[in-house]
Amino acid sequence: MFKAQKTSDISVQEVALIGSDIKTEGSIESPAAIHLAGTHLGDITCKSLIIEMTGSVTGKIKAVDVRVSGMVVGEISADNLQITKSGRIDGSLSYQRIEIEDGATVEGQFLQKKSSASAAKE
Amino acid sequence: MSQVLAKKSIFGTGAVFRGKISKVGAVDIHGKVYADLELDKLVIKKSGTLEGNVRVGLGVMAGRFKGKLHAHSIWVMKSSVLLGEIEYASLQMDRGAALNCRIKHNWETPSPSGSAARDAYPADMMPAELLPQKETGKDGDKL
Chain H
15 MFKAQKTSDI SVQEVALIGS DIKTEGSIES PAAIHLAGTH LGDITCKSLI
65 IEMTGSVTGK IKAVDVRVSG MVVGEISADN LQITKSGRID GSLSYQRIEI
115 EDGATVEGQF LQKKSSASAA KE
Chain V
46 MSQVLAKKSI FGTGAVFRGK ISKVGAVDIH GKVYADLELD KLVIKKSGTL
96 EGNVRVGLGV MAGRFKGKLH AHSIWVMKSS VLLGEIEYAS LQMDRGAALN
146 CRIKHNWETP SPSGSAARDA YPADMMPAEL LPQKETGKDG DKL
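The listed protein sequences correspond, in order, to chains H and V. Here the first sequence is numbered in our numbering, starting from 15 and rising by one per residue. Here the second sequence is numbered in our numbering, starting from 46 and rising by one per residue.
Read the hints as simulated data drawn from the structure, not as lab findings. None of the values given here were measured: they were computed from a predicted structure. Possibly wrong hints are sitting among the right ones.
[To be verified] Straight-line alpha carbon distances no greater than 25 Å define the calculated DSS-like cross-link-like pairs of lysine-lysine that follow:
no.: 1; chain 1: H; residue 1: Lys76; chain 2: V; residue 2: Lys77
no.: 2; chain 1: V; residue 1: Lys77; chain 2: H; residue 2: Lys61
no.: 3; chain 1: V; residue 1: Lys91; chain 2: H; residue 2: Lys61
no.: 4; chain 1: V; residue 1: Lys65; chain 2: H; residue 2: Lys74
no.: 5; chain 1: V; residue 1: Lys149; chain 2: H; residue 2: Lys37
no.: 6; chain 1: H; residue 1: Lys74; chain 2: V; residue 2: Lys77
no.: 7; chain 1: V; residue 1: Lys68; chain 2: H; residue 2: Lys37
no.: 8; chain 1: H; residue 1: Lys76; chain 2: V; residue 2: Lys65
[What the hints assert, rightly or not] Part of the chain H face toward chain V, derived, beta carbon under 7 Å:
no.: 9; residue: Leu31
no.: 10; residue: Asp35
no.: 11; residue: Leu125
[As the list claims (entries may be wrong)] DEER-style ranges, computed between Cβ atoms:
no.: 12; chain 1: H; residue 1: Lys76; chain 2: V; residue 2: Asn98; range: 28 to 34 Å
no.: 13; chain 1: H; residue 1: Gly122; chain 2: V; residue 2: Ser67; range: 26 to 32 Å
no.: 14; chain 1: V; residue 1: Ala143; chain 2: H; residue 2: Lys128; range: 48 to 54 Å
no.: 15; chain 1: V; residue 1: Glu83; chain 2: H; residue 2: Lys99; range: 35 to 41 Å
no.: 16; chain 1: H; residue 1: Val78; chain 2: V; residue 2: Ala51; range: 25 to 31 Å
no.: 17; chain 1: H; residue 1: Lys128; chain 2: V; residue 2: Ala51; range: 38 to 44 Å
no.: 18; chain 1: V; residue 1: Arg140; chain 2: H; residue 2: Asp104; range: 52 to 58 Å
Where is the CB? At the ideal position from N, CA and C, for every residue including glycine.
Just chain V, same shape as in the assembly (with noise of 0.2 Å):
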């Protein structure tokens, strides 16, 4: 198993996990997840459920999560519902998303590692600040 994998965990579509998940790296939900997690990323697809107190780097959100939330980054799609507590540094939401909680931002979180955020993106969806910087020529440095 890759050392990518050796940190990951799926629960696929129609799993439902209850209890404790230690030393997990990354998450992706299909079904049903009643834990608290303290992780890198965390996605939670359509058909996904998380119930629990989360700290992560970046969670993208596409189902349904409820408790508290703490993340650095949060990219909340079109289909997710949200409901609890959430602080970050950084969110990005789609048209769409079902909101019902309480949302701080908070300055101070560290910044991301930045693989594992940048990772969680397709490349054509890539969020600005997550790209790499480009270095500006002569003619940039004019402007």
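Same shape as in the complex, but just chain H (with noise of 0.2 Å):
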């Protein structure tokens, strides 16, 4: 379900790396893709988030794309929302499409968005 963006479709450039070691505290907002292995205190903004097994995040998340396969304990608003194995998640989740993978843990308020073609034809 979660469609991670082609390399051809998105250059090193574009891409936010946080690494594992690493602490942030603030705002991160980005057009493209943000990968986080470290630990963020704050809001991300961006098109497409992958939280690694060693990422964490405190705050708000809106995102086309979300992976979580670390630690998240605040707001994601996703339109392709997917939680991994290892994920675990307090907090409320808004989504179009959803997928969570047996093993992860989630705790919290689920509210899913209407796509724009389903809201078109209501």
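Using the hints, put the two chains back together into the complex; each one sits in its own frame.
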């Protein structure tokens, strides 16, 4: 379900990467992908967000595609949300399509957003 | 994730970061970063902007910097624009760089570990001071 952007679609220069030992505090905005292996306190807005097993976010996340293999405390708003087996989430989830792998830990509020296509039919 | 990448951050083109970054070893900036940094190696790419106070072992500047920079070694490339205060022990500047800042030379800065500094340069552009010292033979001793 989660479609990672092809390497041809996105150049290395457009990707934001936070290493696993690094702690950031504040806000990150990106028109492309963010690859988070470290700890972030604050909000993230981007097109595609991948939170590695070592990654954690405390704050609000807004993205088109989100894959969580680490930990999130806060709100996630995404079109496509994937939580892998190592993912842990405590907070509210707003999504159009969601996938949760067996073993993931999720606590909080779920809200399915209507896609623009289905909203147009009504 | 490798040990090198574990302490590295890259902010891609279009990315904007505001806040604090800690425990970082190296940062590559293609986008915009507003933060105070203390690290081994900083590379501001041509499209990159950094505003804040920075203490760094080696800084390679091709983009825009505004703030206080305290560095052991700085390479200022022709596309760079620097505003603020700079304190350094070793400086290399390419023709065309735009500096509107106060610059102070500081001999007392401890020397860098070396490896991080050498890694930042392409092999053919390595400053002589960062090259491994060649052993001098008997002929060299005579000269």
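Structure-based check of each hint:
1. With a CA separation close to 19 Å, the supplied pair Lys76 of chain H and Lys77 of chain V stays within the 25 Å bound.
2. At most 25 Å may separate the alpha-carbon atoms for a hinted pair to count; Lys77 of chain V and Lys61 of chain H meet this at roughly 17 Å.
3. The hinted pair formed by Lys91 of chain V and Lys61 of chain H meets the criterion: a straight-line CA distance of about 23 Å does not exceed 25 Å.
4. Under the criterion of a C-alpha separation no larger than 25 Å, the hint pairing Lys65 of chain V with Lys74 of chain H is consistent with the structure, at around 17 Å.
5. The suggested pairing of Lys149 of chain V with Lys37 of chain H is violated, with an alpha-carbon distance near 31 Å, which exceeds 25 Å.
6. A C-alpha spacing of about 20 Å is found between Lys74 of chain H and Lys77 of chain V, which places the hinted pair at or below 25 Å, so the restraint holds.
7. Annotation: proposed proximity of Lys68 of chain V to Lys37 of chain H holds, straight-line Cα distance about 6 Å (limit 25 Å).
8. Distance check on the hinted pair: Lys76 of chain H and Lys65 of chain V sit about 20 Å apart at the alpha-carbon level, within 25 Å; holds.
9. For Leu31 of chain H, the interface hint holds, the least distance from its beta-carbon to any beta-carbon of chain V being 4 Å, beneath 7 Å.
10. For Asp35 of chain H, the interface hint holds, the least distance from its beta-carbon to any beta-carbon of chain V being 5 Å, beneath 7 Å.
11. Violation of the interface hint for Leu125 of chain H is found here, the shortest Cβ-Cβ separation to chain V being roughly 28 Å, above the 7 Å cut-off.
12. For the pair Lys76 of chain H and Asn98 of chain V, the supplied restraint of 28 to 34 Å holds, since their beta-carbon distance comes to about 30 Å.
13. About 28 Å separates the C-beta atoms of Gly122 of chain H and Ser67 of chain V, a value consistent with the hinted range of 26 to 32 Å.
14. For the pair Ala143 of chain V and Lys128 of chain H, the supplied restraint of 48 to 54 Å holds, since their beta-carbon distance comes to about 51 Å.
15. Look at Glu83 of chain V against Lys99 of chain H: about 37 Å separates their beta carbons, and that is inside 35 to 41 Å.
16. A hinted range of 25 to 31 Å for the beta carbons of Val78 of chain H and Ala51 of chain V is consistent with their spacing of about 27 Å.
17. With their beta carbons about 41 Å apart, Lys128 of chain H and Ala51 of chain V fall inside the hinted range of 38 to 44 Å.
18. Checked against the hint of 52 to 58 Å, the C-beta distance between Arg140 of chain V and Asp104 of chain H comes to roughly 55 Å, which is consistent with it.
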